[in-house]
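Construct the entire structure; sequences and hints are all you get.
All residue numbers for the sequence shown refer to the working numbering, where the first residue is 1 and numbers rise by one.
Simulated from the structure, these hints should not be mistaken for laboratory data. Glycine is no exception: its CB is placed at the ideal position from the N, C-alpha and C atoms. Just so you know, not all the hints are guaranteed correct.
Unchecked claim - Label-pair distances were calculated between CB atoms; the ranges are: (1) Gln179 x Leu237: 33 to 41 Å; (2) Leu350 x Gly59: 45 to 53 Å; (3) Val102 x Gly50: 40 to 48 Å; (4) Ser61 x Pro98: 21 to 29 Å; (5) Val314 x Gly341: 14 to 22 Å; (6) Gly323 x Gly238: 38 to 46 Å; (7) Ala150 x Leu232: 53 to 61 Å; (8) Pro98 x Pro290: 27 to 35 Å.
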Amino acid sequence: MSVLANEMATAVGREIMLKKKRLIYLLSGLLLWCGLSGVWGQTAPAKAFGVTAALLRDGGSQAMLELQFTIAADAYLYEDAMDLTLPEGLAAKLVAGPEPVVKEGEESRVFLQSFSQRYSLTGAVPEPLGLSVHYQGCSKGVCFMPETVAFALTFAGASARVEAKPTELPADDRVLAWQRQAEGFAVLGTATGYMDKDAFLGWLRQAESGEAAEEQLLDRVLARYGLLVAALLIIPLGFMLNLTPCVLPMIPINLAIIGAGAAAGDKKSRGFMLGGMYGLGMTIMANKVPGIRAVNSQCLYTAGLARSHNDANVLCLGGRVVGPDLAWEIVRTFLTTPFSGGRHQRRVNLIRKQDGCLGS
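So, in structure tokens, the structure goes:
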């Protein structure tokens with residue numbers, strides 16, 4: 001009987017442990033889903049701002065344009081980032097709408113809540129009237145990418161929002177386009193790792209002369225000792241790389257941002273996001289060549305943000321992490337995104353002033 005009782009107790013204990021594990025897995029999945037939902041909800045610009053447009057006539061025959069902006073709670077739109085683009089020969093004059101306000105910590109005046117603006121149109125108004133509205137805003141210190149919304153309006157009340165899509169080339173033509181561009185270039189040499197000024201200039205001369213470049217340390221180790229020894233060498237070298245002067249400034253800044261967010265009861269995800277934004281600015285200031293504001297981009301978002309906020313004029317792409325199709329889209333985004341100026345102009349002016357100091 002005692003043996004049977006022990007076996008029953010053991011079976012019951014296993015069942016209880018199994019149920020506990022299932023409950024833990026279920027709760028972990030729910031927490032992960034809630035966390036991701038919070039991050040997605042925080043970073044979705046579609047929920048923060050919206051705009052509609054209507055083409056009207058006043059009591060007489062004067063054509064009027066009405067724009068209705070919706071702004072979510074804790075979000076705001078910048079006055080100097082708003083722009084209205086109309087067809088050639090047509091002009092708009094603002095006749096009604098609220099005044100923006102001054103927000104502490106911001107250099108540009110902002111709109112803090114939903115509002116409408118009414119414009120008087122001068123000139124021949126075609127039907128449908130094609131126009132675009134450009135705006136940008138922030139929420140809780142996190143700024144969204146500038147957005148442009150296109151409309152096709154008629155006096156009959158029809159208002160169609162036109163999705164702004166870049167001109168797409170057929171897949172074959174797009175591939176041929178970059179291949180034709182690549183035919184004009186020749187790879188004279190490749191190198192990886194850190195180089196000081198003398199080593200870099202020596203490598204350039206060697207590449208131009210056509211001489212075979214000296215193999216890197218890891219290449220020599222791989223050829224002589226094999227993959228296992230090379231992998232064991234990469235681990236300590238990678239750890240030492242994180243102690244170089246280029247990386248050290250990022251450690252206290254990221255820790256401070258994440259810690260400040262936790263102390264304020266805010267989400268840690270926002271701290272990581274702010275840390276990444278600070279890192280982008282530090283990357284630009286790390287450029288030592290006067291007049292150069294470079295961005296290392298692997299996605300459309302960073303390429304557009306670097307142009308819009310920092311007026312970046314050099315684009316760096318990693319050949320091992322960016323494929324030809326994505327690189328083509330990143331380059332197009334970089335070349336077509338304008339510098340928004342406004343509150344960002346002061347930072348760029350400070351960078352240019354620092355460039356003067358570095359160049360002297």
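Going through the hints against the structure:
no. : hint                        : in the structure
1   : Gln179 x Leu237: 33 to 41 Å : holds (36 Å)
2   : Leu350 x Gly59: 45 to 53 Å  : holds (52 Å)
3   : Val102 x Gly50: 40 to 48 Å  : violated (24 Å)
4   : Ser61 x Pro98: 21 to 29 Å   : holds (27 Å)
5   : Val314 x Gly341: 14 to 22 Å : holds (19 Å)
6   : Gly323 x Gly238: 38 to 46 Å : violated (25 Å)
7   : Ala150 x Leu232: 53 to 61 Å : holds (57 Å)
8   : Pro98 x Pro290: 27 to 35 Å  : violated (43 Å)
Hints 3, 6 and 8, counting from the list given before, are not met by this structure.
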